[in-house]
Structure formats: C-alpha cells, structure tokens
Amino acid sequence: MSDTAATLTQDRQKLEMAALSAPAVIFTVAMIAFPVVYTIWLGFQTFSSTGKQSFAGLANYSRLVVDYEFWHGLWVTIALYVLSLALQIVFGVWLALVLFHAKRLPGIVRSLFISPFMMPPVVAGMMWLVILDPSLGAANYILQSFGLPPSDWLASPTWVIPTVALIDSWQWTPYVALIVLGGLQSLPPSVYEAAQIDGASPLKTFQRITLPLLLPTIVTAAILRSVDLLRFFDIIYITTQGGPGNASNTLNIYGFRVGFEFFNIGYASALMLTLTAIVFGAVLAFNRLRGAVAW
Amino acid sequence: MKARMLATHVALPVVAIAAVTVPSHAADFDWMKFKGKTVTFLANNNPVSQALLTYKADFEKLTGMTLKVDGYQEQQMRQRLVTVMNANSDEVDVFMTLPSREGEQFAAAGWYGDLTGVAKSEVAKEYDPNGLSQALLKAATFGGKLTSMPMNIEGPIFYYRTDIFKKCGLEAPKTIKDVEAAAEKLKTCDSGVTPFVSRGLKPAVAYTFSNMLHNIGGSYIANGKSNLCSAKGKEALDTYSRLLRDFGPPGVVNYSFQQISALYRSGRAAMSFESSNELRTVMEGGARLKDTGLLPFPAGEAGQVPTTIGWGMAISSHSKQPEAAWYFVQWATSPEVQKKMALQGIAPPRPSVAKDPEYRKWIEEEPVRKEWQAALDVLATKGSSEVGYPIVANPESREFIGQAVQDLILKQKTVEQACADADKALDALIAQK
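From first to last, the protein sequence lines stand for chains F and W. Counting along the first sequence from 1, when you hit position 239 you're at 238 in numbering that gives the first Met the number 0, and nothing is skipped either side. Counting along the second sequence from 1, when you hit position 104 you're at 103 in numbering that gives the first Met the number 0, and nothing is skipped either side.
Hints were generated in silico from the structure; no laboratory data involved. Glycine included, every Cβ here is placed at the ideal spot set by N, Cα and C. A couple of the hints might just be wrong.
Claimed, not checked - Okay, the calculated beta carbon distance ranges per label pair:
no., chain 1, residue 1, chain 2, residue 2, range
1, F, Y140, W, A427, 53 to 59 Å
2, F, I141, W, K173, 38 to 44 Å
3, F, G280, W, A286, 50 to 56 Å
4, F, F279, W, D237, 45 to 51 Å
5, F, Q52, W, Q133, 56 to 62 Å
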C-alpha cells in the first residue's frame with residue numbers, strides 16, 4: 000500500500016471514529032453544559048415569593064456582597080472544610096500506615112475499618128443524631144460513666160462545627176486511608192532498603208522518605224475530599240438544618256433554603272455559582288500544589 | 000384599607016364557603032366517568048397520606064382510574080412541587096398542601112386550581128361538603144377561591160404525665176402560669192424527668208409558639224408592622240423560651256416532633272406540647288397509654304386560642320385533567336374514607352365523622368382517646384390557623400420567629416434585642432410584594 004493510500008485510510012478511520020463517538024460526546028457535553036448555562040441564566044433573574052420572574056442583571060450578585068448570611072455561610076463553609084480536611088488527612092495517613100504494616104490483620108477487621116464511607120450519608124447522619132442526642136444519646140452516657148461532663152454536641156453553637164467535622168471525618172477518613180494505602184504500596188522498596196542499611200530510625204524513615212514520597216498521593220486525596228467538603232450538605236441537613244441559630248448554616252444549606260423553601264431560585268443560583276467558583280479555586284490551588292510536590 | 004382587608008379576609012372566604020355549602024348534586028354523578036385515566040398524586044409521606052393510601056385500591060376499583068402516587072417526606076415533597084410548578088409541568092395532578100403555611104404563597108403564584116365550582120356542581124350525593132370543617136375551608140380560601148379540601152384536623156396539644164403530677168401533688172394546669180409553676184415543682188420533685196418539652200428547632204418553632212402567643216393575647220402583625228416587640232409579644236417570647244431553657248431537655252434547639260415524641264414516649268418528660276397527630280407515635284408500645292392526660296394548651300390572658308391546621312388536597316393549576324383529579328380529591332375527602340382514616344387515628348375534619356357510632360366506640364375504648372377527641376373539639380371550635388405571619392412569605396417568617404426563640408434559649412440576646420432583630424427582618428418581609 001502506498002503512503003498516500005495509508006494516510007487516506009487512517010484519515011477515514013479517524014473520521015469514522017469521530018462520527019461514531021460524536022453522539023455520546025454531544026450528549027455528555029449537553030448534560031454538563033445545560034444545567035451550568037441554565038443556572039448562570041437563573042442567576043440573572045429575580046423571583047418574587049409568588050414565583051414571578053424578572054430580569055435582575057447583577058442585582059443578585061450585588062445583594063450577595065452585602066448579605067450577612069452569605070458571609071457567615073462562607074465562614075462556616077471554610078471552617079468546616081479546613082477542620083474536616085485536616086482531621087481526615089492526619090487520621091487517614093495514620094490509618095493507612097496501620098493497615099500497611101499490620102499485614103496479618105484479618106480481612107473482616109480491614110473491612111470494618113473502611114466500612115463507614117460505604118454507608119449512605121443520610122443513614123450516618125441519622126445514626127449520629129441519635130448517638131449525640133444530649134438527653135437520650137449514648138455519647139453523653141459514655142462521657143458521664145467516665146465522670147466527664149455531658150456535652151450539647153450538635154445543639155451547642157460553639158461545638159456544632161467540630162461535631163459535624165467529627166461525623167464527616169468518621170465517615171470519610173477510611174476513604175482517604177484507602178487512597179494513601181494505594182500510594183504506600185507503590186513506593187519503591189529499594190529506598191527503604193537503603194535507609195535500613197544507613198541505620199535510619201522508623202521515625203526518620205517516615206519523615207524523610209515515606210511522607211515526601213506520599214505527598215502527591217495525599218494531595219490527590221485532599222483534592223477529592225475538598226470537592227466533597229465544600230459541597231457538604233447531607234449530614235448537616237439531617238443533623239442540624241444549619242442550626243442552632245445559624246451556627247452551621249453553610250453556603251450550601253443557605254442556598255438550598257433560599258431556593259427551595261423561600262422560592263428565590265435566582266438568588267440561590269447566584270449563591271451556588273459563587274460556591275462553584277470557590278470549589279474550582281480550591282481544586283486549582285491543590286493542582287498547583289500537586290505539581291510542586293510531584294516526584 | 001380596612002374595608003379591603005374585610006373583603007379579602009372575611010367576605011371572599013364566605014362567598015367561597017357558601018359556594019361549597021350550597022351543593023347541587025349532579026343527579027347522574029358517575030364515579031366511572033373517567034375510567035382508564037391516570038391521576039398523579041404528590042403526597043407527603045406522613046400518617047395522613049399513609050392512612051389514606053391504605054385504601055388506594057378502593058379508589059381504583061370505584062372509579063376505574065389508576066392512582067399514581069409520588070410520595071416524599073414533607074420538605075422533599077415541596078421541593079418536587081416547586082420544580083414541577085416552576086416548569087409549568089402537568090406531571091402532578093393532585094398535591095398535599097398546608098394552607099396555613101404555603102396557602103398565601105401558592106395562591107398568589109397561581110399554583111392552586113380553583114375548586115369553588117367543582118365542589119358545588121361535581122359532587123356525589125354522599126359527599127356532603129357541608130359536613131367539612133367550615134374553619135378549615137375558610138383557611139383554604141384565598142381571594143375568594145377555594146384552593147384545597149381538608150384531609151384532617153390537627154394542632155399542638157398538651158400531653159402530661161398524670162402519675163408524675165399525682166406524685167408531686169400537682170393538678171392538671173389550667174393556665175400558662177400553672178405550667179410554669181408545675182415545671183418548677185417537677186424539677187425538684189422528680190429530677191429524673193424533663194419537666195417540659197416542646198419545639199426548639201428553628202423552622203419548627205412557629206407551630207407551637209403561635210399557640211402561646213395567641214393565648215397570651217399577642218399578635219404577629221399590628222398596623223401593618225411586625226408586632227413581636229409589643230408587651231404581649233415579648234411576654235410570649237420570654238415565656239416560651241424560658242420554659243424550654245430552664246425546664247427543657249439539653250439540646251432542645253434541635254428538637255422537633257420526632258425528638259419530642261421519643262422523649263415523652265420513653266417516660267423522660269413530664270409535660271410535652273406537641274401535635275395531636277403524634278398521639279399514635281407517643282402511644283406506641285403502650286407505655287404511656289394509662290399515665291397520659293391530654294388538654295388543649297392551657298389558657299393565657301386571652302384565654303385559649305389553639306392553633307388549628309389541617310392538610311388539604313389541592314389540584315394543580317397545570318393539571319391537564321382537573322376533572323378526573325377532582326374525583327380523586329372528592330373520594331379522599333368523602334365521609335366514608337375520612338371515617339376509615341379516623342379509625343386509624345387521623346382526626347377527621349368532619350364533625351359528622353367525629354360523632355359516628357363506630358368512631359365513638361373506638362374513642363371510648365381508652366380514656367386517653369377521649370381526652371384527645373375533647374382537645375380536638377376545642378381546636379375545631381376555637382382554633383386559629385395563623386402559624387407564623389399571614390403573609391406570602393410565611394415560610395420565611397417562621398425562620399425569624401424561630402431565630403428569636405433560639406437566641407433566647409441560648410441566651411445569645413436579651414428579649415428586647417431578639418424581638419427587635421426579628422421585627423426588623425419581618426417588617427422587610429411584610430413589605431415585600
């Protein structure tokens with residue numbers, strides 16, 4: 000076959016492949032693009048309490064700047080995000096190390112370690128709501144049986160964010176651990192053999208070898224958890240609905256209430272697009288960090 | 000302004016109710032008229048719809064229609080409805096609604112089909128629209144249009160432990176002051192129980208707080224402005240929050256009906272102010288059957304003005320088959336079906352059903368049921384359906400009432416600060432068109 004004929008065949012194959020995959024590509028792009036474009040459009044509309052719609056220009060975004068609830072929601076979202084992510088990364092790495100070194104741990108114990116994140120968040124939320132009930136829950140019973148004072152947990156404006164962060168960390172730390180465990184298993188054994196020959200202590204080995212080599216994996220886990228944590232909704236909605244007062248009113252909860260309880264879909268869209276921009280910002284920042292720590 | 004208000008709030012409902020109460024039964028009313036059609040019902044998955052849907056097959060057999068049920072929890076049901084109605088979709092024919100909460104809003108948005116005409120002309124002879132609670136029909140009438148038919152009657156009532164009261168030498172409270180005094184005494188007499196529990200969760204507070212406010216003699220609006228900072232408003236805020244803060248369970252700010260019923264049923268609360276609908280849940284297992292007394296909430300300076308509401312069945316204004324949908328609404332709110340539901344503990348919105356011998360027999364079986372029915376009778380005759388502000392943005396107004404109560408329970412503000420902040424936000428809501 001001549002070169003020209005081969006090129007023509009290749010071009011034809013490419014065209015055929017493009018034609019065959021086009022419907023799926025168009026469908027997927029439309030499914031992603033339509034809701035985004037529609038939400039952007041809604042963000043420029045205003046809806047009265049009776050559902051009457053009119054063009055509002057940038058009014059929803061200028062309202063956002065002076066809306067105390069928005070800034071408060073942003074603060075709660077960030078506080079919850081930072082606290083939860085820190086807990087999940089620290090305990091996730093620790094759990095991964097335990098699972099990596101305890102090779103003789105029975106399968107059932109390993110499964111139990113990672114089971115929380117397989118539980119639907121609504122079920123987890125309901126379960127913790129019962130456990131943390133200040134009057135009827137097991138948590139205060141346990142505290143008091145050790146002579147410790149009871150806590151209001153989710154009913155305390157001071158403790159609600161740490162408590163929600165603990166619930167989310169209980170559920171998602173095993174997920175981080177699984178990712179980190181994958182990273183641990185792929186580390187080159189030769190580096191450890193060299194360290195052993197040099198007489199490095201286990202702590203030094205962890206500090207100087209394991210942690211730096213694991214950083215890209217940890218950053219990947221952080222990116223995945225960041226997206227989820229900034230969109231955090233279900234557990235808060237089940238356990239506190241943003242309360243007490245507005246102490247756990249994240250941007251997501253606030254946007255949901257504005258949209259579906261007060262029917263102002265336009266302002267809710269503006270709120271959610273702002274949150275989306277924040278999520279993108281966080282992901283981009285972590286991506287840069289991942290580039291910096293890659294080896 | 001006053002004349003206009005009179006026309007809106009009194010004359011137009013009277014006209015609409017008159018339309019219902021003068022039925023001209025179609026002599027040839029045929030339940031099979033829409034045989035083969037499918038009616039979609041958006042239901043709140045609560046005890047009322049659960050009791051109703053027990054008889055779904057009866058409806059399908061009677062009419063030859065298919066009933067497609069789209070059931071969700073209350074909040075999710077509203078989300079679904081908002082989505083469907085904003086899209087002008089005909090996916091839903093009939094939906095459950097709380098006129099006291101969203102009535103003004105949905106009516107202003109044009110989401111309710113007008114039932115005034117069909118309730119007059121398209122009724123089976125056994126339907127008896129006269130027999131439905133006139134107060135609930137009035138509460139479901141907006142701008143002269145009847146928007147839904149009542150499914151049940153309910154309201155917050157006062158549950159108390161007769162055995163603990165007896166042990167502590169207490170009488171059943173007759174006034175709000177008696178409730179406070181009883182709570183104080185119970186705290187020392189039996190430290191193992193929570194003296195008083197009611198709703199503390201922000202969006203849920205208005206349901207019980209409204210009863211307290213009205214009993215004390217307060218009102219939500221005066222001269223077009225929010226009235227929480229009036230003397231009576233402040234007294235109501237102070238009394239309600241103090242009862243929960245000083246005598247309620249820890250964490251009461253997250254309490255709604257689920258937690259309240261669980262606490263009372265487990266024997267760990269001496270007084271509970273919660274919905275009449277919770278009777279079945281509270282009596283589950285039978286532990287509270289013999290030691291519970293029931294009353295309408297004790298009187299304040301304005302006497303007893305209980306909160307009385309009811310779920311209604313409305314037809315979507317976007318339904319392509321409102322006539323067939325009306326047949327379902329009519330069947331579901333008929334005396335026969337409401338009697339069956341009553342025997343499952345759903346308080347009937349028809350006095351005739353409440354007097355039915357079979358229902359009376361069920362009531363007489365347990366003293367607590369007799370007290371429950373007696374309390375409901377007071378609700379039916381004296382009740383007010385005002386839960387939160389009587390404005391289009393009623394759901395949002397409940398948030399600010401709840402916020403003020405929570406601020407006081409958590410001691411984050413003084414009464415003056417809490418009511419002033421709430422009034423400021425609520426005045427803005429009232430001013431909204």
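Would you say the C-beta atoms of F279(F) and D237(W) sit inside 45 to 51 Å of each other?
holds, 47 Å
Quick check on a hinted range of 38 to 44 Å for I141(F) and K173(W), using CB atoms only.
Taking Cβ atoms as reference, I141(F) and K173(W) lie about 42 Å apart, which means the hint holds.
Is the gap between the beta carbons of G280(F) and A286(W) within 50 to 56 Å?
holds, 55 Å
Against the range 56 to 62 Å, how does the distance between the Cβ atoms of Q52(F) and Q133(W) compare: consistent or not?
Since Q52(F) and Q133(W) have Cβ atoms about 36 Å apart, the given range 56 to 62 Å is violated.
If I claimed the Cβ atoms of Y140(F) and A427(W) lie 53 to 59 Å apart, would that claim hold in this structure?
violated, 45 Å
Violation of the numbered hints given earlier is confined to hints 1 and 5; the remaining hints are satisfied by the structure.
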